[in-house]
Structure formats: C-alpha cells, structure tokens
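Visitor: Order-wise, the sequence lines are chains A and B. According to the working numbering, the first sequence holds residues 289 to 462 in order. According to the working numbering, the second sequence holds residues 21 to 221 in order.
Check the hints yourself; a few may be wrong.
[Stated by the list, open to error] Derived lysine-lysine pairs resembling DSS-like cross-links, with alpha carbons at most 25 Å apart:
| hint | chain 1 | residue 1 | chain 2 | residue 2 |
| --- | --- | --- | --- | --- |
| 1 | A | K411 | A | K449 |
| 2 | A | K366 | B | K32 |
| 3 | B | K36 | A | K411 |
| 4 | A | K449 | B | K55 |
| 5 | A | K366 | A | K411 |
| 6 | A | K366 | B | K55 |
[As the list claims (entries may be wrong)] Distance windows between CB atoms, simulated:
| hint | chain 1 | residue 1 | chain 2 | residue 2 | range |
| --- | --- | --- | --- | --- | --- |
| 7 | A | A319 | B | N37 | 40 to 48 Å |
| 8 | A | A301 | B | E189 | 55 to 63 Å |
| 9 | B | G170 | A | R367 | 54 to 62 Å |
| 10 | A | R397 | B | G142 | 33 to 41 Å |
| 11 | B | I85 | A | L323 | 52 to 60 Å |
Derived from the structure by calculation, the hints contain no laboratory data. Quantities reported herein were computed from a predicted structural model and do not represent experimental measurements. Even glycine gets a Cβ: it sits at the ideal position worked out from N, Cα and C.
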Amino acid sequence: MAGGDDQEQRYVAVAAEFGPAMERLAGAYEADPDLRCDLVQEIHLALWRSLDRFDGRCSVRTWTYRVAHNVATSHVLKRKRRRIDRLASLEDVAEAADGDDPEATVGERQVMERLMVLIRALKPADRQVMLLYLEDLDAAAISEVTGLSSGAVAVKIHRLKSILARRFHQGGAP
Amino acid sequence: MSDNPIPPVDIKVMWKNQPRAITRLGPETVRRNAKRLQRRRLRVLIQETFGALALIVVFGLYIRILPGPLLKMGAGLMIVAAVFYVWCLFVLVRPRRVPDGAAACLDFHRRELERQRDLCRGVWRWAILPFVLAGTVVYAGRWVAVPSIGRSAWIDHLIVGGGAVLMLESFVLVWLWNLHRADRWQDQLDELDGLDKEAGT
Numbered sequence: 289m290a291g292g293d294d295q296e297q298r299y300v301a302v303a304a305e306f307g308p309a310m311e312r313l314a315g316a317y318e319a320d321p322d323l324r325c326d327l328v329q330e331i332h333l334a335l336w337r338s339l340d341r342f343d344g345r346c347s348v349r350t351w352t353y354r355v356a357h358n359v360a361t362s363h364v365l366k367r368k369r370r371r372i373d374r375l376a377s378l379e380d381v382a383e384a385a386d387g388d389d390p391e392a393t394v395g396e397r398q399v400m401e402r403l404m405v406l407i408r409a410l411k412p413a414d415r416q417v418m419l420l421y422l423e424d425l426d427a428a429a430i431s432e433v434t435g436l437s438s439g440a441v442a443v444k445i446h447r448l449k450s451i452l453a454r455r456f457h458q459g460g461a462p
Numbered sequence: 021m022s023d024n025p026i027p028p029v030d031i032k033v034m035w036k037n038q039p040r041a042i043t044r045l046g047p048e049t050v051r052r053n054a055k056r057l058q059r060r061r062l063r064v065l066i067q068e069t070f071g072a073l074a075l076i077v078v079f080g081l082y083i084r085i086l087p088g089p090l091l092k093m094g095a096g097l098m099i100v101a102a103v104f105y106v107w108c109l110f111v112l113v114r115p116r117r118v119p120d121g122a123a124a125c126l127d128f129h130r131r132e133l134e135r136q137r138d139l140c141r142g143v144w145r146w147a148i149l150p151f152v153l154a155g156t157v158v159y160a161g162r163w164v165a166v167p168s169i170g171r172s173a174w175i176d177h178l179i180v181g182g183g184a185v186l187m188l189e190s191f192v193l194v195w196l197w198n199l200h201r202a203d204r205w206q207d208q209l210d211e212l213d214g215l216d217k218e219a220g221t
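Please work from the sequences and hints to get the whole structure.
Guide: Following this line, the structure appears as structure tokens:
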C-alpha cells in the first residue's frame with residue numbers, strides 16, 4: 289500500500305530526527321526505567337499510527353512534539369490517578385528554590401538528576417513548556433505545540449529561566 | 021556560591037547530551053507493536069460483536085418457534101437492539117487515533133475525556149434502553165403466554181416476574197457503574213481545567 293510506505297518513510301525520518309528528544313521527554317515524565325521504556329514505545333507507536341494522517345498544517349516537529357506530549361500527559365494522568373502525586377506549579381518551585389542550600393560544585397550527572405526531579409514535579413502544562421524550552425524551541429513554537437497563548441508561554445519561560453538560574457547558577461547543586 | 025556558574029545554554033546542552041539509556045526502536049518493532057495493539061482492540065470488538073451475533077441468532081430462532089405475537093415482537097426488538105449496539109460499538113465507542121491533526125496537547129485530551137464521559141453518561145440511551153424495551157416485551161409476551169407444562173399459572177408468573185426484575189436490576193447496575201465511570205472522567209476533566217486556569221488560557 290502506497291500510504292503505508294509513505295507512513296513508514298515518514299516514521300523512519302521522524303524517529304531518526306526526534307528519537308533522542310522523545311527519549312529525553314519520556315525520561316522527564318517517567319522516573320521508573322521500565323515504565324519509561326513503555327512510555328517511549330507508546331510514543332513511537334502513537335507517532336507511527338499518526339503519521340498517515342499528517343496533513344502538513346503544522347511542521348513535522350510540532351506534530352511530533354504534540355503526539356509525544358499527548359501520550360506522555362495521558363501517561364502522567366493515569367499514573368496520578370493510581371498514585372497521588374502532588375505536582376507543583378512554576379510559582380511553587382520558584383518559592384522552593386529560594387530555600388535551597390546549593391553546594392559549590394556539581395557533576396553534570398547530579399545536575400541532570402536535579403533537573404529531572406524538578407521537571408517531574410511540575411504540572412503537565414509547565415512541564416511541557418520546560419521540556420520544549422530545553423529542546424531549544426522558541427516561544428512561538430512552544431505556543432504552537434502546547435496550545436497555550438504566546439503571552440502565557442512568555443511568562444512561563446521567564447519564570448523557568450529564573451528558576452534554572454537560581455537552581456543551577458547560584459552555586460550549582462543543592 | 022560557585023565561581024563558575026553554569027550558564028543557561030549549558031543546561032540545554034547537557035539536556036541534549038544525555039546518554040540514551042533506551043534501546044532504539046526500529047520501524048519493525050513499532051509496526052509489530054501497533055499491530056498488536058490493533059489486534060487487542062479488534063479482539064474486544066469481535067468478542068462484543070460475536071456476543072451480539074449470538075443474541076441475534078438465538079432470538080432469530082425464537083421468532084420462528086415462540087408462540088404469540090408479543091413474544092415474536094420482543095424477539096425481533098432484541099435483534100434490533102443487538103444490531104444497534106454493534107453499530108454503536110463501531111461508530112461511537114471505537115477508540116480515536118492519537119492525535120487529531122489540529123489538536124494541541126491539552127485540547128486533544130479534553131475532547132477525548134469529554135467523549136468518554138458522554139459515552140458513559142449516555143449508556144442508558146445507546147446500550148441499555150433498547151435492550152430493556154426489547155426485554156420488557158419478551159417478558160410481557162411470556163407473562164401472557166400459556167404456562168409451561170406442569171407449572172401452575174402463579175408459579176409461572178412468579179418465575180417470569182422474577183426474571184424481569186433480575187434483568188432490570190442488572191441494567192440498573194450497568195447504568196450506575198457507567199455513571200460512576202463518567203464521574204471519574206469528569207474528575208480528570210476538572211483536573212485539566214485547573215491546569216488551563218493555572219496556565220492563564
């Protein structure tokens with residue numbers, strides 16, 4: 289089937305370009321390694337299935353991130369129903385950051401671990417913005433992927449930059 | 021305070037340079053998983069469809085062998101209810117593909133959650149009511165029919181009445197269970213609405 293071949297070619301291209309980003313995204317949503325693997329598979333599955341309906345109304349990048357975040361948000365909501373996690377907003381995290389007692393030096397691994405803990409504590413909308421910011425998307429692209437207004441995205445980016453600066457600049461690790 | 025703070029760009033670079041812990045998925049694996057998922061969904065649909073088909077066959081036979089117009093009409097309505105149920109399974113209940121092209125992340129979830137909630141809330145309309153109507157006609161037909169051989173009329177009515185009450189009880193339980201599920205979908209919708217308010221959209 290021509291459509292199937294097209295879908296497969298698209299998937300191969302998307303997986304090659306965005307595969308690592310999808311894994312990072314899954315890592316930010318799911319701490320448990322086994323469940324993370326499942327989540328990555330779910331994302332790839334959803335991507336593969338969605339690409340035969342890709343209509344070119346947005347970029348492949350936007351499409352891919354939307355699918356990935358849809359699947360990952362669904363995963364978090366399901367998990368949240370089973371195990372009551374308290375997710376924090378950027379404001380909560382900013383307040384908590386003020387009370388941190390950072391150490392002078394830190395290895396990259398520790399920084400990454402801290403960053404992951406920070407990201408996983410965020411509510412889905414904030415988490416999406418944070419992840420897309422880390423993936424180097426600009427505010428317009430983040431707005432397109434998340435469906436948030438550009439004003440809301442700009443405010444969130446401003447807040448998260450300040451959180452990252454406080455958490456990872458002023459003395460590095462806690 | 022550190023003398024060498026990490027600039028923001030380093031956080032981004034570090035983020036992107038994370039080691040990949042997960043085995044890469046080839047298109048073959050993904051296709052296999054997609055087919056497995058489709059098969060699982062199809063299996064559920066087939067099971068439900070076969071159940072409805074069995075009902076159609078049984079009540080098709082009943083139309084031929086049962087006495088009295090009321091019983092025949094009840095059997096016919098049961099077949100109509102089963103056909104309608106199968107149609108609803110394929111048209112209404114079938115899971116939607118993720119994602120819808122124009123949907124941003126939270127919008128897609130909201131629509132899916134609303135769809136699931138409405139399906140559960142409306143289950144009495146598309147799944148319960150047709151069977152209750154058909155079942156009521158069948159039991160009414162049985163009530164007015166000649167009692168089974170060797171049974172007195174009042175025992176026969178007791179058995180038919182008891183059967184009707186049991187049927188109604190089962191459907192009420194199905195309805196209540198679906199209302200409970202609708203409430204759970206609504207809880208998730210409220211959660212999403214909370215996120216939107218918090219996001220200022």
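Visitor: Decide, hint by hint, whether the structure agrees.
Guide: Now the hints, each set against the structure:
{"no.": "1", "hint": "A:K411 to A:K449", "result": "holds, 17 Å"}
{"no.": "2", "hint": "A:K366 to B:K32", "result": "violated, 29 Å"}
{"no.": "3", "hint": "B:K36 to A:K411", "result": "holds, 22 Å"}
{"no.": "4", "hint": "A:K449 to B:K55", "result": "violated, 42 Å"}
{"no.": "5", "hint": "A:K366 to A:K411", "result": "holds, 14 Å"}
{"no.": "6", "hint": "A:K366 to B:K55", "result": "holds, 23 Å"}
{"no.": "7", "hint": "A:A319 to B:N37: 40 to 48 Å", "result": "violated, 20 Å"}
{"no.": "8", "hint": "A:A301 to B:E189: 55 to 63 Å", "result": "holds, 56 Å"}
{"no.": "9", "hint": "B:G170 to A:R367: 54 to 62 Å", "result": "holds, 60 Å"}
{"no.": "10", "hint": "A:R397 to B:G142: 33 to 41 Å", "result": "violated, 52 Å"}
{"no.": "11", "hint": "B:I85 to A:L323: 52 to 60 Å", "result": "holds, 55 Å"}
Hints 2, 4, 7, 10 from the list above are not met by this structure, while the remaining hints are.
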